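All chains should be built: construct the whole structure from the sequences, respecting the hints.
Number of protein chains: 2
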Amino acid sequence: MTLSTKPLSGMRQRLPHEFRVEKYVVETLSLSSLNAGFEEYDCPLIEPLSLFAAKSGGELVGRQSYNFVDRGKREVILRPEVTPSLARMIAAQGELQLPVRWFSSPLCYRYERPQRGRVREFVQFNLDILGSENLAAELEVILVLQDIMKSFNAPSSIYRIGWSSRRFMAEALSRCGVEPESAPGVFSAIDKRDKMKEDAWYTFLLGECGGDSDVADRVLSLVSVKSPSSKWLIDLMAGSAAFEEVERFNELLLSSGIESAEFSPGVVRGLDYYTGIVFELVDTGGENNRSLCGGGRYDNLVGLFGNKKISGVGFGLGVLTLTLFLETYGLIPVSVKEASAADVYIAVSSPDFVSSAARLALSLRKEGIRVMMDVSGKKMNKQFSEATRYGITSVVTAGADGAMYKMKNIDDGSVFTGTLDELIGRLK
Amino acid sequence: MTLSTKPLSGMRQRLPHEFRVEKYVVETLSLSSLNAGFEEYDCPLIEPLSLFAAKSGGELVGRQSYNFVDRGKREVILRPEVTPSLARMIAAQGELQLPVRWFSSPLCYRYERPQRGRVREFVQFNLDILGSENLAAELEVILVLQDIMKSFNAPSSIYRIGWSSRRFMAEALSRCGVEPESAPGVFSAIDKRDKMKEDAWYTFLLGECGGDSDVADRVLSLVSVKSPSSKWLIDLMAGSAAFEEVERFNELLLSSGIESAEFSPGVVRGLDYYTGIVFELVDTGGENNRSLCGGGRYDNLVGLFGNKKISGVGFGLGVLTLTLFLETYGLIPVSVKEASAADVYIAVSSPDFVSSAARLALSLRKEGIRVMMDVSGKKMNKQFSEATRYGITSVVTAGADGAMYKMKNIDDGSVFTGTLDELIGRLK
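If you're matching them up, the sequences are chains A and B in order. With numbering that gives the first Met the number 0, the residue at position 160 of the first sequence is 159, and numbering never jumps. With numbering that gives the first Met the number 0, the residue at position 320 of the second sequence is 319, and numbering never jumps.
Read the hints as simulated data drawn from the structure, not as lab findings. If you're wondering where the values come from, they're calculated on a predicted model, not measured in any experiment. Each hint should be verified, as a subset may be incorrect.
You can't tell identical chains apart in this list, so a pair holds if it fits in one copy or across any two.
Keeping only pairs whose Cα atoms sit at most 25 Å apart, straight-line, the calculated DSS-like set for lysine-lysine is [stated by the list, open to error]:
1. Lys22 x Lys336
2. Lys427 x Lys72
3. Lys377 x Lys407
4. Lys72 x Lys149
5. Lys230 x Lys427
6. Lys336 x Lys427
7. Lys196 x Lys72
Structural data, given as structure tokens:
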């Protein structure tokens, strides 16, 4: 039987030139995190189904999960996200001093219909602060997010960090006249606004508001507000503590110089567990605003594991979505895409010289020089082609012991001749 | 319901100080590979069951696999190893110029009884050369393996790279009088030699040799040989091409200066797919020799996907096993275990100074300085404790705009006062 040469649909496979790009993206994310004192952790990919059934949105576990019964008769799931595992790690550390600043780049799984930017097996970068109820924590994760975008050299014209507050919105919707039982539907309608045409969306919203156009109009006004200093909003929210928090956070962002942040009441984020400030990173350079990253404050996750009350704030960012964004705007450096595989290539003209090639390779590598050694035994012109294919311009030909080394520069044809020490000096 | 705070048995969870160690190990493996011109790739974790059923040893798929039927009714498996996926990637690349030098550090899964050094979810480093039938390829992967051990500062007294050849051993066993139908059993007995007491093992071997003690004695002599220049072995193998290859490879290793390599006919490696030279890295510093890594040449894997004939040579190395080895011998640097989380800590004495702390953090991070900023809003002495806990000795207190910055050194109590530029100069 001949097996298929394709991986399963939606699965992640990276040839070296593709992996270099992914690695560059993940390492840039890590570097911004490390520069802010965040530490990397890792969690299991196989988890008890109950961990996700307890808290995630029903759709995740019901229709989009990879779950099965293992050989020990446990109901398990391949994690669709990492936050519940993170909460459990924190809950298990009795001695852990809080707050902690943690990040991770886990593989996650969702059984969705594969399409551009949406796959079944994906790397989701996560960054969280746990154990601080202070707005400085929200501020810090947004500082890191902005630093990430600056590290990728993304100009501020192509992205925005829109933010709001779930607690504020719950209160604001109530003051707009949304009945408590209609609130979840209205939240969900607001979440879908960017994905629908304006007219169709209004009709949808009206339905969720029980057909009351006064209420729907007020909700429309609410989600159209661009600043907490809107007179209409201030009147609506008089005396609201949740709105005071919004005003305070807005002030913090402005005075900290986060130019990319924008108050956007329409940002509600789908996941059930957010309770306070929520935010998303949006691609604003195209025709449609695409969300690249979402985050916010969650208050009760750790409580699932016992009596502890630990509040967290963080975000998740799909590495594939971000990579496509960076590629769209030409932000993946050429040096990453076309990196040379080594500093020098050692050609071997005859089987008699394999061990002298090996000795030379060892000597050069010991000096930190990256050395690709021929292993093909092919003709010399093929070996030179291999060097060229890997972006290597210097080729040394291994020869008899005691002889001088000859190194050819493929680009300009020049030849350097010298002892081992001279060769090392030249290559360094 | 309160959920368990423990991950499932055998699953991998890493707190930051544990993850730093794992990352150090994986990055050191990567660096040695990159220095030899190897490139990193990645493959899906979920694979069709048929990919493994076709070639791996039966035990893997039969009793030790995580396999299930997905929502699309596909029989899938969480890969127990990466080599079949690698072979498929190579087979799919019609245009790929060979040979290629590739490595990867994939998560893999085996449903085994968890014990020290053996878990169900593990990172397995893999390094391969595909598309070369030249012994230089075997030599190169062993060069990299030795370079890895040197990069970890492992003295040659605590490890050995034992090697043999499957083709040679098949012929040698036959010349020792082992019947063809007994050969698999004898191979398997040889593979278990290090795990059994000498007496018990001989009895076991004798059984596999059909009770013929002449044959068993010759097999015992064979696996006790330490060099291809053994007179007994040369006599036994007269005229054998497979033995000539062994002699040639021994010569190559010796003349390339691989002092840690040792001819060991008892090294046969369990996996079905090896066909030529096989080798393993063994911990020789303890009472029992433990295998840290195994590898060799496989000739037919890519053929599963069509007509191509591509030969490969490579090895797999369990990151956990290697980490335990390094820890046993004190080879994990203190600087990795006790790394500081940042260069400087910004303390915040009042909520009024959160945004000035944020502005300072941004200014310092822009200069590449790692800055942890307080997000707790706790009292100053708690903030200083946090800095100490993270190994940060410099603490700047954020203050009113325009004021000079004060930075305290926690170790010696000294205070530095200066402008932003002076602070940056001091920290860099």
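A quick look at each hint next to the structure:
{"no.": "1", "hint": "Lys22 x Lys336", "result": "both (11 Å within a copy, 24 Å between copies)"}
{"no.": "2", "hint": "Lys427 x Lys72", "result": "neither (58 Å within a copy, 56 Å between copies)"}
{"no.": "3", "hint": "Lys377 x Lys407", "result": "within (18 Å within a copy, 63 Å between copies)"}
{"no.": "4", "hint": "Lys72 x Lys149", "result": "neither (48 Å within a copy, 44 Å between copies)"}
{"no.": "5", "hint": "Lys230 x Lys427", "result": "neither (65 Å within a copy, 47 Å between copies)"}
{"no.": "6", "hint": "Lys336 x Lys427", "result": "within (23 Å within a copy, 31 Å between copies)"}
{"no.": "7", "hint": "Lys196 x Lys72", "result": "neither (47 Å within a copy, 36 Å between copies)"}
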